[in-house]
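Student: Sequence:
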Amino acid sequence: IDISSGCERSDGYCSFCTESLLYGSFEWRSIEGIVQEFEKLRSIGVKAIRFGRSSNVVAYGYDRSRGRLDPALPEELFKSARTILEPEVLHVDNGNPIFIAAHPRESRAVIESIVKYDTAGDTISFGVESFDKETRKRNNLGGSVEDIIFSIELVNEIGKKRVDGIPKLLPGINLLYGLPGQNRNSFQTDYEHLASIQRKDLLLRRINIRQVMVFPNARISRMARPKVDHRLFEKHKRRIRREIDAEMLKKVFPVGAVVRGVIPEFSEGLIHFGRPLGTYPILLGTPVAFENKTDFAVIDHGMRSITGIPVGTELNDLGERELKFLPGIGRDRAKTLVIKRPKAVGELLPIVGPEVLKTLSLIKTKLGGKWL
56 IDISSGCERS DGYCSFCTES LLYGSFEWRS IEGIVQEFEK LRSIGVKAIR
106 FGRSSNVVAY GYDRSRGRLD PALPEELFKS ARTILEPEVL HVDNGNPIFI
156 AAHPRESRAV IESIVKYDTA GDTISFGVES FDKETRKRNN LGGSVEDIIF
206 SIELVNEIGK KRVDGIPKLL PGINLLYGLP GQNRNSFQTD YEHLASIQRK
256 DLLLRRINIR QVMVFPNARI SRMARPKVDH RLFEKHKRRI RREIDAEMLK
306 KVFPVGAVVR GVIPEFSEGL IHFGRPLGTY PILLGTPVAF ENKTDFAVID
356 HGMRSITGIP VGTELNDLGE RELKFLPGIG RDRAKTLVIK RPKAVGELLP
406 IVGPEVLKTL SLIKTKLGGK WL
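Residue numbers (the numbering used here): 56 to 427.
Since the hints were made in silico from the structure, they are not lab data.
Be aware that one or more of the hints could be misleading.
PhoX-like, lysine-lysine: derived pairs with alpha carbons at most 25 Å apart [claimed, not checked]: (1) K305 to K421; (2) K215 to K255; (3) K413 to K306; (4) K188 to K282; (5) K223 to K134; (6) K421 to K390; (7) K216 to K413; (8) K171 to K223; (9) K292 to K188; (10) K255 to K306; (11) K282 to K292; (12) K421 to K379; (13) K215 to K171; (14) K215 to K134; (15) K305 to K348; (16) K306 to K215; (17) K305 to K215; (18) K223 to K348.
Sequences and hints are given; from them, build the entire structure.
Tutor: Quick look at the structure:
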């Protein structure tokens, strides 16, 4: 659902920006118009919405001429969405960390409204682009690195509330390469700031790492740009995926967390994949075939994906291959479980031990029709 167009900045735009070229000055839709859309969507049964195609969801209702943000308008927007549609999924898209830092009190109130009414697993995407100060200056990215960290901390503070083990709202970060002012050291600068965020125990839902696209008439098209060293770029990307992304994923989707409404997408061999609806939906793989929308409990983590089994899976319905995927089971225990097929906890405990039994309970499995 579109709620605004253009960019709210009044100090010029990022060098690569096309928002102002394509959509003109910042404008936001009236509550009345959006509510009418909600009502039409309800009439046809829509239950999943995202406030997308907006450069900054936090700036909804912002009076650019006066530099004022009224948090009551975003509150009404999100409350109306929740009340009218009763959505199964209500997510947002982009946010401007520099705007948030410049309007801390009002932005806090807006983010609180988002978290009050949205659904778990939501992501607010921050166009950080670069942590390198010279690059930020050359490309008019606005604000400071400190502003970015402040906004990441604020979203973590408010959005860390978990539902089914998953945070309500977390920031995502976009990083861009090939910008004027960047050099080989920029890769390390960005990595060090991401590592610092991780050391502070702050969470990021995802990190997008891309190369800049240059459009005609954007200011960057008239600027000297460095040639991206593709070898360094790929090495940098792999390092972030391995050392930052993979560790973040374990904290965002811990073992036992429940991902609701996973829709099957494709299979590779005997592994089946799907995603829930949402902003940057997580890819989930499972050894258990499924054909319909299903709730899954997390059992393991990949680099940018997770592994799960359907909530309420009956242990004795699983074969040796599927059992080996469960935390703490392994090949030998899987074979024993298939041979003995325990009917009660008293028979299961000697096979798996107390710690694995706790984990099997954590991942919402059943034995003999009863929850472990």
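Student: Could you run down the list of hints and mark each one as holding or not?
Tutor: Okay, the hints, checked on the actual structure:
1. K305 to K421: It holds: about 24 Å lies between the C-alpha atoms, which stays within 25 Å.
2. K215 to K255: holds (14 Å)
3. K413 to K306: holds (19 Å)
4. K188 to K282: holds (19 Å)
5. K223 to K134: holds (16 Å)
6. K421 to K390: holds (18 Å)
7. K216 to K413: Between K216 and K413 the Cα gap is close to 24 Å, so the pair holds against 25 Å.
8. K171 to K223: Given that 25 Å is the threshold and the Cα spacing comes to 9 Å, the pair holds.
9. K292 to K188: Satisfied, since the Cα-Cα distance of roughly 20 Å is no more than 25 Å.
10. K255 to K306: holds (13 Å)
11. K282 to K292: holds (17 Å)
12. K421 to K379: OK: K421 and K379 at ~16 Å, within 25 Å.
13. K215 to K171: Holds, at roughly 12 Å.
14. K215 to K134: holds (20 Å)
15. K305 to K348: OK: K305 and K348 at ~23 Å, within 25 Å.
16. K306 to K215: This hinted pair holds, its Cα atoms lying about 11 Å apart.
17. K305 to K215: It holds: about 15 Å lies between the C-alpha atoms, which stays within 25 Å.
18. K223 to K348: Roughly 21 Å separates the two Cα atoms, so the pair holds.
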